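Trainee: Next come the chains, spelled out residue by residue.
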Amino acid sequence: MRPYWREVFGNAASLHHFGREAAAALDEAHAVLGCAIGARAGEVIFTGCGSEADNLALRGVALAMRRTGKREPGHIITTPIEHQAVAATAQQLKDLFGFDLTFLPVDGYGRVDPDDVRRAIRPDTVLVSVMLANNEVGTLQPVREIGALCRERGIPFHSDAVQAPAYLLLDVNALNVDSLALSSHKFYGPKGVGVLYLREGTPYIPPITGGGHERGRRPGTVNVAGAVGSAAAMKYVSHQREAQSARLAALRDRLIAGVLDRVPDARLTGHPTDRLPHLASFVFKDVDGESLLMALDVEGFAVSTGSACTSGNPEPSPVLLAMGIPPAWALGSLRVSLGYDTRPEDIDALLDVLPRCVERVRRYGLSDG
Amino acid sequence: MAKTRVVVAMSGGVDSSVAAALLVRQGYEVIGIMLRLWADQAGADAATNVNRCCTPEAVADARAIAHLLDIPFYDIHAEGIFKQRVVDPWVTAYAEATTPNPCFNCNRSIRFGFLLQKALALGAEYLATGHYARVARKADGRFCLLRGKDEKKDQSYVLHVLGQRELAHAMFPVGDYTKDEVRAMARDFGLPTAERAESQDLCFLTQGDYRGFLVRHAPEVARPGPIMNTRGEVIGQHEGLPFYTIGQRKGLRLTTRSAQAEPLYVIRLDRANNALIVGSAGELGARRARVRAMHYVSGEPPAGPLRCSAKIRYKAREAAGWLYPDPDGGATFAFDEPQRDVTPGQGLVCYAGDEVIGGGIIVSDS
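Respectively, the protein sequence lines represent chains U and Z. If you're matching positions, the first sequence starts at 1 in our numbering and goes up one per residue. If you're matching positions, the second sequence starts at 1 in our numbering and goes up one per residue.
Misleading hints may appear alongside valid ones.
Said to hold, decoys possible - Okay, derived cross-link-like pairs now, DMTMM-like style, lysine to aspartate or glutamate, Cα gap no bigger than 25 Å in a straight line:
#1 Z:Lys-315 - Z:Glu-181
#2 Z:Lys-3 - U:Glu-21
#3 Z:Lys-3 - U:Asp-113
#4 Z:Lys-3 - U:Glu-359
What the hints assert, rightly or not - Now the in silico label distances, taken between C-beta atoms and shown as ranges:
#5 Z:Glu-57 - U:Pro-355: 57 to 67 Å
#6 Z:Ala-60 - U:Trp-5: 24 to 34 Å
#7 U:Asp-297 - Z:Lys-138: 35 to 45 Å
#8 U:Phe-9 - Z:Gln-41: 35 to 45 Å
#9 U:Arg-363 - Z:Glu-57: 35 to 45 Å
#10 Z:Glu-57 - U:Phe-9: 32 to 42 Å
#11 U:Arg-363 - Z:Lys-138: 26 to 36 Å
#12 U:Arg-343 - Z:Lys-3: 25 to 35 Å
#13 Z:Ala-2 - U:Ser-238: 51 to 61 Å
#14 U:Asp-115 - Z:Gln-41: 44 to 54 Å
#15 Z:Ala-139 - U:Arg-343: 45 to 55 Å
#16 U:Arg-40 - Z:Gln-41: 40 to 50 Å
Please keep in mind that the hints were generated in silico from the structure rather than gathered at the bench. The model shown is predicted, which means the values in this text are computed figures rather than measured ones. Backbone N, C-alpha and C fix where the C-beta goes; we use that ideal spot for every residue, glycine too.
Chain Z with its partners taken away, still in its complex shape (with noise of 0.2 Å):
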C-alpha cells in the first residue's frame, strides 16, 4: 500500500527539522517545503539579520537536513502574499492605534492557506509544521486543537484561526514532546540544528526592531503627539502610537514633575487624537475584553455563556471567566478577576482546559 503522504512546512531551525525527521521514522512519505517569505531588506546584513527569515543560510540548513532525511526539498516563493496578507494588515492595525499579532494571518492565509493548498495540490494528506502544539479527533468526529505538551512552549496561541478544515490536514509531531525532548531527539536523528538559537521576534523584522521598520515602511503611522492623563492633562510628548502598548511603563518620557510622583503606565492609544493616554496602576485593567469576530474551533459557537479560560497574549497567564457570544459573531469575555493588560489588536483566546475553544481579535476592554 502506497504510504501517506505529508509535506513539512520546514525552516531550517530544529522543530521543523525534528517534525519531518519523526515522520519519516513513523514511515510516512515526506516533503519538505520551504517558503521565503518576505523579509525587511533594510540594515540587513550578514551581522544584523538574526531574525530575517529565510536567509540563504537557513534555506540551506533546510535543503541540508532534507538532504539527510532523503525527502524531497522545494523552496518556493511566497513573498508577495506574505507581504500583502501578513505584513501590510500588520502596518494597517498599527495605524488603527492597536498592537497586532501577525501570527495569526501567517498561520491562516499562509501556512494553512497557500501552504496547505501546495500540499494538497501535490496530493498530500497532510501538512505538518513544528509548532507545539496538538491534533486530537473527538467522538463525533471533530477535530479538536490541544495545547502542546511543553507548557513554556505551547503554541496553541497562535494557531486558534485553524477550523475543521485545516485541521483536518494538520500535523504537529512535536507537539507531543518538550523543546527538550526535541533538541535530545534533534541530536539522537544526527540533525545540524539541534543546537541553533531560537529566533523570537517577528521573523520579517532585522533584529526584533519594529520600531525601525515602521518608519522606514509606514512613517505616516507613527506621528508625534501629546501623552495625556486621565483628566486629560498633557503631559508629555510620545514619539508615535506605534511605540506603545498598553501595562507599557518604561520608555515615556514626561515632561511634568507632578506626573512622576507615583509610576504611570500606558493606558489607552486614543488614535481619534493620536494621544497616549497614561494612568496609574490602579487605573490600568479591564473586568472584559471584546472581540469583533469570533472564531470557533469546532466550526460553531456554543449555545450560551461558556465557562472558560482565556490568554490575552501569547505570553500571558490563562485567566478565568464567561465567554458571551454575541449574535454578531462577535464574543464578549468576562474575567473573574481584572486583567491588567487587555491590549485591542491582540488575541483573545479561550481554552476548556488543554482544548483551544477559538479566538479573536481584541476590539476594546468594555
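This is chain U alone, in the form it adopts within the complex (with noise of 0.2 Å):
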C-alpha cells in the first residue's frame, strides 16, 4: 500500500501519467478481489467499506427491480439475523420505498431453512439476500441452496459474506450469489475499504450517483492505496487460508469444550460444526455482556458482545432472540474471535480469567435500587 499514499498519487481516474500508474494499480487489486471470489475484474466494484457495500447491492438492486405503478413497489426477502447494513437497509426500503419486507425464521442454530425461502417467494418477489456467515454466532447459512432456487426464479440473490474470506474459499457460481459484500479489514486489509461483486447483467440502480468511477455503479474518488492493500491482503489469505481454518477450528473447539466445562450457566451460540472455524460465542445466564466484555478487556482480552447496551437498561441480541436464546441469557452473550496470530497459550489463558470474569461480573449485576 505503501507507495500509493505519496509516490503513486495519482487519481486513478485522471487520463494524465500519475493518473495512469494508479489506474493500473486498480486494474491489477481489480483483478486480483474477483480471480479469489471466482469473479472478472469488471465485477469487482471498490467501496468505502463493507457496510457500503450491502448498502449499494440492497438499494441499488431493489430500485431497479422495483415494479413501477404499483402500490408496493415490490417483495424483498431477508433474515432477522442479518447484520445492520443490511437489515437497517431493507427496513429503509420498506419505510421509505414502500417494499414488502418477509423474515425467514432461522431455527435454534441460527440456519435458515432453504425450504422456508421457496416458501416466501412470491411473485413479486425482487430480491432475497441472506448473509453467509452470522457475526454474532459463526452459523453458516445453506447460501448455495437458497442461490440455486432464486436462479431458477430469475430473483437476484445477495449475500453479505463480510465475516468469511479469511477463512472460507468464496466462489460466487458455487455460491449461487448475484452479489456479495466484502470488508477488507476482515481479511488483513485496511480499515475503511469494502468490496462489493456484482454479477454482470444484475439489475442495478447506482445509489452513489456522480461520475464513472468503478463503470459507475460506484462514482466517487477510489481509494487507490486502500484497493491495492486490499488485493494484497486477499493474496495473503489465500495462501493462508486452508492452514489456518484447521489450526482454529481446533483452537475454536478447545475454547467451547474449555469454557462449557468451566463456567456455570454457559450455553455455545450458533451451530456447533457448521460456523465460522475462528469464532466461538456463548451466552451465560444473569450477565451484563458490556460488563463482561470490559472486564476481559481489562485482563487483556479484545472480545465482543451481541448485546447492545444504548441506554443502560441492556438489550438482548436481536440475533440471538431470533434464535430463541432466553433474554436473561441473551444479555449476557460473548463472541470470541480467534485470528491467525492466536496461539494455544491465548485460549488457555482467556480460559484461566473468564470463569472467574464471569463470576464477578454475575455477583456484581446491575442495581435495581
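Hints in hand, dock the two standalone chains.
Mentor: Quick look at the structure:
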C-alpha cells in the first residue's frame, strides 16, 4: 500500500501519467479480488466499507427491480439475523420506498431453511438477501441452495459475506450469488475499504450518483491505496486460509469445550460444527454482556458482545432472540474471534480468567436500587 | 503485588480529569468510565448546548485525557436508566409542587448505583469521582463523609445519600484540594481541560433552561393559576407552580396595586388549589423543617436529639439547631434562628463539624 500514499499519488480517473499509474494498480486490484472469488475483474467494485457494499447491493438492486406504478414496488426476503448494514437498509426500503419485507425464520442455531425461502418467494419478489456467515454466532447459511432457488426464479440474490474470506474459500458461481459484500479489514486488509461483487447483468441503479468511477456503479474517487492493500491482503489470506482454518477450528473447539466445562450456566450459541472456524460464541445466564466485555478487556482480551447497551437498560441481541434464546441468557453474550496470530497459550489464558470474570460480573449485576 | 484497581467516573471536565491523574500518580490501576446520560435534545445545537452533558466533545475530551494518562477508557450508555431514575422523578417532584434537586437521585442510583456496580464487576475496589468531598474511616471502622477542603466548592451536600456500602468503595481525590489547586495541578499534569469553564446548571438541560424543559416534556405540570396573598385574596396570575420557588421575589406578575406597597415573596406553593401564595418578608421563614425519610451516613439514626447544623440548599449557609429523629424514619430539624427559604423538595443535610450526619428531602416547614 505504501507507495500509493506518496509516490503514486495520481487519481486513477485522470488521463495524465500519474493517473495512469494509479489506474494500473487499481486494475490489478480488481483482477486479484475477482480472481479470488471466481469473478471477473469488471464485476468487482471497491467501496468505502462492507456496509456500503451491502447498501449498494440492496438499494441498487431493489430500486432497479422496482415494479413501477404498483402500490407495493416489490417484495424483499431477508433474515432476522443480518448485520445492521443489511437489516437497516432493508427496513428503509420498506419504510421509505414501500417495499414489502419478509423475515425468514431461523432455527435454534440461527440457520435458515431453504424450504422456507421457497415458501416465502412470491411473484413480486425482487430480492433475497441472506448472509453467508453470521457475525454474532458464526453459523454458516445454506447460501448455495438458497442461491439456486433464486436463480431458478430469476430473483437477484445478495449475500453479506463480510465475516468469511479469511477462513472460507468463496466462489460466487458455486455460491449462486448475484452480489456479495466483503470488507477488507476482515481479511487483514486496511479498514475503510469494502468490496462489492456484482454479477454482470444484475439489474442495478447506482445509489450514489456522480462520475464514471467503478464503471459508474460506485461513483466517487477510489481509495487506490486501500484497494491495493485489499488485493494484497486477499492474496495473503488465499495462501494461509486452508491451514489457518484447520488450526483455528481446533483451537476454537478447545475454547468451546473449556468454557462449557469451566463456566457454570454457559451455552454455546450458533451451530456446533457448521460455523466459522475462528469464531466461538456463548451466552451466560444472568450476566451483563457489556460488563463482561470490559472486564475481559481490562485483563487484555478484546472480545465482543451482541447485546447492545444503548441506554443503561441492556437490550438483548435481536439475533439471539430470533434464535429463541431467552432474554436472561441473551443479555450475557460473548463472541470470541480468533485470528491468524492466536496461539494455544492465548486460549489457555482466556480460559483461566473467563470463569472469574463471569463470576464477578454475575455477583455485581446491575443494581436495581 | 497487583495494583489496586480504581474506576474513575470521567466527564471530560477538569475535576474528574485531575482525579484520574492523581490516582495514576498514586500508583493505582486506573480505568476511566464516562456515562452517557440522558440529555434534553430540544434546541441543542452547537451554540446552545453549553450545559448539555455528554456532548461528543466532552466524550472526546475524556477519551483524550484517558489516552494521555494511558488508562483504559469506556464510555457507556446510561441514558435510559438516568431518565428513569433521575429525570422522571425530578419532573414528578415539580408536579407535586416542590423544588427538587436531581443530583441526589443521580448520586444514589446512577453514580453510586449503576456505575459502582459496573466498577465492582470490573474487579475494581473503588469508584472515584471528581467531587469536592472526603471520605475517612473512624476508629470503630465506620466510614464517614466529610466536607471537601475547598469550602466554596464543597459538594458533600449532594453526596449525603451515600451510606456505608458506597463509602467503603468511594474515593474523592480532589476533595483534599481547592479548586485553584486542582486547576494548577491540571496544568502541571498537562491536561487540556485545565481552563475549561465550569458547568453550573443541571447537566441534562439545554442552557439550564428548566422552564423550557418542563414546557416541552411535561406541559401538564405547569398550569397557570392564581397568585394569592396569605389572606386568600387573588392578586395576580402565575404561569405554573414549577416556575416558582420559596423565597422568590422577582418575576411575580401582580395585578393588584395595593399589594405592591411592600415587596412580596413566594411563601408557599399550594398544590391543591394550584395557587401561588405570596407574602411579605415577615411572613417568610420557618423555625422547623421536616424530612420524610432521613438517611444516616453511619447507617443508624442517633439515639436521641442531636445538636448539629443543617444546610437546606446546596448553596445555603449552615444553620445551627437540633435534629429530632422520628420513629417513622423521618426527622425534624429545629433551627435556632428562623430560616428564610425552607423549601419542600430540597435536601436538608446535617453536619457535625466537617462530617455529614445524613439528610433527606424536606416535605414541610412545620
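Trainee: Decide, hint by hint, whether the structure agrees.
Mentor: Hint check results:
no., hint, result
1, Z:Lys-315 - Z:Glu-181, "21 Å, holds"
2, Z:Lys-3 - U:Glu-21, "55 Å, violated"
3, Z:Lys-3 - U:Asp-113, "52 Å, violated"
4, Z:Lys-3 - U:Glu-359, "21 Å, holds"
5, Z:Glu-57 - U:Pro-355: 57 to 67 Å, "40 Å, violated"
6, Z:Ala-60 - U:Trp-5: 24 to 34 Å, "26 Å, holds"
7, U:Asp-297 - Z:Lys-138: 35 to 45 Å, "37 Å, holds"
8, U:Phe-9 - Z:Gln-41: 35 to 45 Å, "43 Å, holds"
9, U:Arg-363 - Z:Glu-57: 35 to 45 Å, "36 Å, holds"
10, Z:Glu-57 - U:Phe-9: 32 to 42 Å, "33 Å, holds"
11, U:Arg-363 - Z:Lys-138: 26 to 36 Å, "28 Å, holds"
12, U:Arg-343 - Z:Lys-3: 25 to 35 Å, "27 Å, holds"
13, Z:Ala-2 - U:Ser-238: 51 to 61 Å, "44 Å, violated"
14, U:Asp-115 - Z:Gln-41: 44 to 54 Å, "46 Å, holds"
15, Z:Ala-139 - U:Arg-343: 45 to 55 Å, "53 Å, holds"
16, U:Arg-40 - Z:Gln-41: 40 to 50 Å, "49 Å, holds"
Comparing the model with each numbered hint stated earlier shows that hints 2, 3, 5 and 13 do not hold.
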